[in-house]
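Peer 1: We have chain A; now place chain B onto it with these hints.
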Amino acid sequence: MGSERLLRRAAERAAQGEVYLASLLLPYAQCEGLDGDGLATRLGCAPSALPRLLLCRRPRGETARFRQDVERIATARELDSEALANVIRVAEALHALHQAQPDRQTGGWLAAARDWEAEDE
Amino acid sequence: MAGQSDTPGWTRSDERELHARLLAGDPVATVDLAERFLPPLVRQLQRRFPRLEPNVVETIAIDSVLRLGSQPQRYLPDRARLLAFLRLDAQGDVLNALKSEKRRQERLTSLEAVELRSAAGNSFVDKLAGPESLLAEDGEEQVARLCEGLEARDREVVELMVEGERRTAVFARALGLEALDAIAQAREVKRAKDRLKARFRRGRAPHGI
Numbered sequence: 001m002g003s004e005r006l007l008r009r010a011a012e013r014a015a016q017g018e019v020y021l022a023s024l025l026l027p028y029a030q031c032e033g034l035d036g037d038g039l040a041t042r043l044g045c046a047p048s049a050l051p052r053l054l055l056c057r058r059p060r061g062e063t064a065r066f067r068q069d070v071e072r073i074a075t076a077r078e079l080d081s082e083a084l085a086n087v088i089r090v091a092e093a094l095h096a097l098h099q100a101q102p103d104r105q106t107g108g109w110l111a112a113a114r115d116w117e118a119e120d121e
Numbered sequence: 001m002a003g004q005s006d007t008p009g010w011t012r013s014d015e016r017e018l019h020a021r022l023l024a025g026d027p028v029a030t031v032d033l034a035e036r037f038l039p040p041l042v043r044q045l046q047r048r049f050p051r052l053e054p055n056v057v058e059t060i061a062i063d064s065v066l067r068l069g070s071q072p073q074r075y076l077p078d079r080a081r082l083l084a085f086l087r088l089d090a091q092g093d094v095l096n097a098l099k100s101e102k103r104r105q106e107r108l109t110s111l112e113a114v115e116l117r118s119a120a121g122n123s124f125v126d127k128l129a130g131p132e133s134l135l136a137e138d139g140e141e142q143v144a145r146l147c148e149g150l151e152a153r154d155r156e157v158v159e160l161m162v163e164g165e166r167r168t169a170v171f172a173r174a175l176g177l178e179a180l181d182a183i184a185q186a187r188e189v190k191r192a193k194d195r196l197k198a199r200f201r202r203g204r205a206p207h208g209i
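Those sequence lines, one after another, are chains A and B.
With the first letter of the first sequence counted as 1, position 25 gets the number 25 in my numbering; the numbers rise by one all the way through.
With the first letter of the second sequence counted as 1, position 197 gets the number 197 in my numbering; the numbers rise by one all the way through.
Isolated chain A, as found in the complex (with noise of 0.2 Å):
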């Protein structure tokens, strides 16, 4: 029990970086309205499920790297790899547009993050 929430609280913290997947799918949760059962759903997985999804590295650019990478994630996260991504596809083309954002909307981001940890407590 207190290693899931251990969990949760890393995948809150990983949304701050470039590295994990919980900076973009947490982001592209609050952009869609999505809570983190909603997120899950989309995914196709359990909401249990998506600390671990979250802290997975992120999939590399190019094609080929990012083709296997999802694969590699949809395996292990037992997902479809078509849908997750598609999903991460939708999330890079947000994050590439909020980057190019006003500095004022930076703060969506972490809130989206604890948001997503605090909803369940």
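Check the hints yourself; a few may be wrong.
A few chain B residues that face chain A, going by a derived Cβ cut-off under 10 Å, partial list only [as the list claims (entries may be wrong)]:
1) Asp14
2) Glu17
3) Ala20
4) Leu22
5) Thr30
6) Leu33
7) Glu35
8) Leu38
9) Leu52
10) Ile62
11) Asp63
12) Gly69
13) Ala169
14) Val170
What follows is a set of in silico ranges between Cβ atoms, one per label pair, in the way DEER data are often shown [to be verified]:
15) B/Ala169 with A/Glu4: 20 to 26 Å
16) A/Leu97 with B/Gln73: 44 to 50 Å
17) B/Gly9 with A/Glu32: 24 to 30 Å
18) A/Glu32 with B/Gly164: 43 to 49 Å
Where chain B lies over chain A, by a calculated footprint (3+ residues, C-beta under 8 Å) [as the list claims (entries may be wrong)]:
19) 14 to 20
20) 24 to 30
21) 69 to 78
22) 81 to 93
Just so you know, the hints here were simulated from the structure itself, not pulled from any lab data.
Beta carbons are placed, not taken as given, at the ideal position from N, Cα and C, and that holds for glycine.
Peer 2: Then chain B, alone, in the frame of chain A:
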């Protein structure tokens, strides 16, 4: 000690294999790292720094694990076991957190004394010898006037400041911020205090002052 693992069931060879996967960019290796090493790291840091708030220890441990996941080349398996590396990496943050909190409390204490004096008149802080002085009629009146028009949570913050409370966690509870991590709590508590100090400076404190 040599060869002994703090993560039950994990040998040095297992650690090297995980590290190799991290270096190779295996996207799920970071999950294995967090699952295996975060709980024992938190336990070790809590044992070593029992006076630190558990929330702060967890945040520091998490950051250490996330750093290694994003920069696995920082770890050299020949020099230390993986958990030992994480613990040493985290300890730097722990010491910085302890120093930073101490400096912040010292600054806030001196600032609060000045702000409360300017907000409430020159006699209030001068008379404030300790919490028991708040029982004096004059002290209570001053606090009550400071709190006019404030919401309940802000009133509680002002009273804590007047009482000389220093602990961030206490202010966080008063503000309903328990769900946030330690760093976010510290930021929001400071924001609330600064907002109240600015309010007093703008002259919304007691009339006649």
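Peer 1: The structure should be examined with respect to each hint, and the outcome stated for every one.
Peer 2: Hints versus structure:
Annotation: interface hint on B/Asp14 violated; nearest CB of chain A at approximately 17 Å, more than 10 Å. Interface restraint check: B/Glu17 against chain A, minimum CB-CB distance 16 Å, threshold 10 Å, status violated. Interface hint status for B/Ala20: violated, as the beta-carbon distance to the closest one in chain A is roughly 15 Å, over 10 Å. With its C-beta approaching chain A no nearer than about 9 Å, B/Leu22 sits inside the 10 Å limit, and its interface hint holds.
Taking 10 Å as the C-beta cut-off, the interface hint given for B/Thr30 holds, the closest approach to chain A being about 5 Å. For the restraint placing B/Leu33 at the interface with chain A, the shortest Cβ-Cβ distance is roughly 9 Å, inside the 10 Å limit, so the hint holds. With its C-beta approaching chain A no nearer than about 7 Å, B/Glu35 sits inside the 10 Å limit, and its interface hint holds. Hint status for B/Leu38: holds, given a least beta-carbon distance of 5 Å to chain A, under 10 Å.
Proximity of B/Leu52 to chain A is violated relative to the hint, the smallest CB-CB distance being about 16 Å (cut-off 10 Å). Taken as an interface hint, B/Ile62 checks out: its beta carbon lies about 5 Å from the nearest beta carbon of chain A, inside 10 Å. The criterion of a C-beta within 10 Å of any C-beta in chain A is met by B/Asp63, whose closest approach is roughly 7 Å, and the hint holds. Taken as an interface hint, B/Gly69 checks out: its beta carbon lies about 7 Å from the nearest beta carbon of chain A, inside 10 Å.
Against a cut-off of 10 Å between C-beta atoms, the interface hint on B/Ala169 is violated, since the closest Cβ of chain A lies about 16 Å away. Taken as an interface hint, B/Val170 does not check out: its beta carbon lies about 20 Å from the nearest beta carbon of chain A, beyond 10 Å. Between B/Ala169 and A/Glu4 the Cβ separation comes to about 23 Å, which falls inside the hinted range of 20 to 26 Å. Between A/Leu97 and B/Gln73, the C-beta spacing of about 32 Å breaks the proposed range 44 to 50 Å.
Checking the proposed 24 to 30 Å range against B/Gly9 and A/Glu32 shows it is violated: the Cβ atoms sit about 40 Å from each other. At roughly 47 Å, the beta-carbon separation of A/Glu32 and B/Gly164 lies within the given 43 to 49 Å, and the hint holds. Only residues whose C-beta sits within less than 8 Å of a C-beta in chain B count toward coverage, and the segment 14 to 20 of chain A has 4 of them, enough to reach three; the restraint holds. Residues of the segment 24 to 30 of chain A with a Cβ under 8 Å from some Cβ of chain B number 0, which does not satisfy the need for three, so the listed coverage is violated.
For the segment 69 to 78 of chain A, the stated coverage by chain B is satisfied: 5 residues place a CB nearer than 8 Å to a CB of that chain, which reaches the threshold of 3. Beta-carbon proximity to chain B at under 8 Å applies to 0 residues in the segment 81 to 93 of chain A; the threshold of 3 is not reached and the given coverage is violated.
Hint compliance for this structure: hints 1, 2, 3, 9, 13, 14, 16, 17, 20, 22 are broken, all remaining hints hold.
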